[in-house]
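S.K.: The whole structure should be built from the sequences, with the hints applied where relevant.
Going left to right, the sequence shown walks through residues 1 to 129 as the numbering used here numbers them.
It cannot be assumed that every hint is accurate.
[As the list claims (entries may be wrong)] Once the Cα atoms are required to be at most 25 Å apart in a straight line, the calculated DSS-like pairs of lysine-lysine come out as:
#1 104 x 86
#2 86 x 111
#3 79 x 39
#4 104 x 52
#5 52 x 111
#6 79 x 111
#7 79 x 104
#8 104 x 39
#9 83 x 104
#10 86 x 52
#11 39 x 83
Source of the hints: derived by calculation from the structure; they are not laboratory data.
Keep in mind that this is a model prediction, so the values were computed, not measured.
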Amino acid sequence: MIINNNFHPSLRKVVDRSNNVSTDKTKNLKNTNFDDILKDKVAQRREVRFSKHAQMRLESRNIDLREAQRERISNAVQKAEEKGVKDSLVIVDDMALVVNVGSKTVITIVKNDELMENVFTNIDGAVFT
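M.R.: The structure is reproduced here in structure tokens:
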């Protein structure tokens, strides 16, 4: 590459390397199916995660969420998101979950027998499922 009438061979190497990287990425994208990528992204978007605190609650109370319950929780979070809720109380069977809707993260989970006289704060919506 020539700059101000001076030849700079090292700049040419940098330009060539950056071009090779982008073509490698393009080749990888061409080998993947758009529908598969879209389905994967949609599935990831719907999945609800559990915070460390919620995971500890599940383990310490021997709560085993079935796949059907997890699906109902995901659907409840999606409904809350559609209504503009930021932090939701989700009631599933005999459990109450506090969920951050934006990050789709369960913050805490409480069984029905522990609910008496408890107050849930910092929520702006509730979904019963």
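S.K.: Hint by hint, say whether it matches the structure.
M.R.: Hints, verified against the model:
no.: 1; hint: 104 x 86; in the structure: 10 Å, holds
no.: 2; hint: 86 x 111; in the structure: 22 Å, holds
no.: 3; hint: 79 x 39; in the structure: 20 Å, holds
no.: 4; hint: 104 x 52; in the structure: 14 Å, holds
no.: 5; hint: 52 x 111; in the structure: 17 Å, holds
no.: 6; hint: 79 x 111; in the structure: 22 Å, holds
no.: 7; hint: 79 x 104; in the structure: 12 Å, holds
no.: 8; hint: 104 x 39; in the structure: 18 Å, holds
no.: 9; hint: 83 x 104; in the structure: 14 Å, holds
no.: 10; hint: 86 x 52; in the structure: 20 Å, holds
no.: 11; hint: 39 x 83; in the structure: 24 Å, holds
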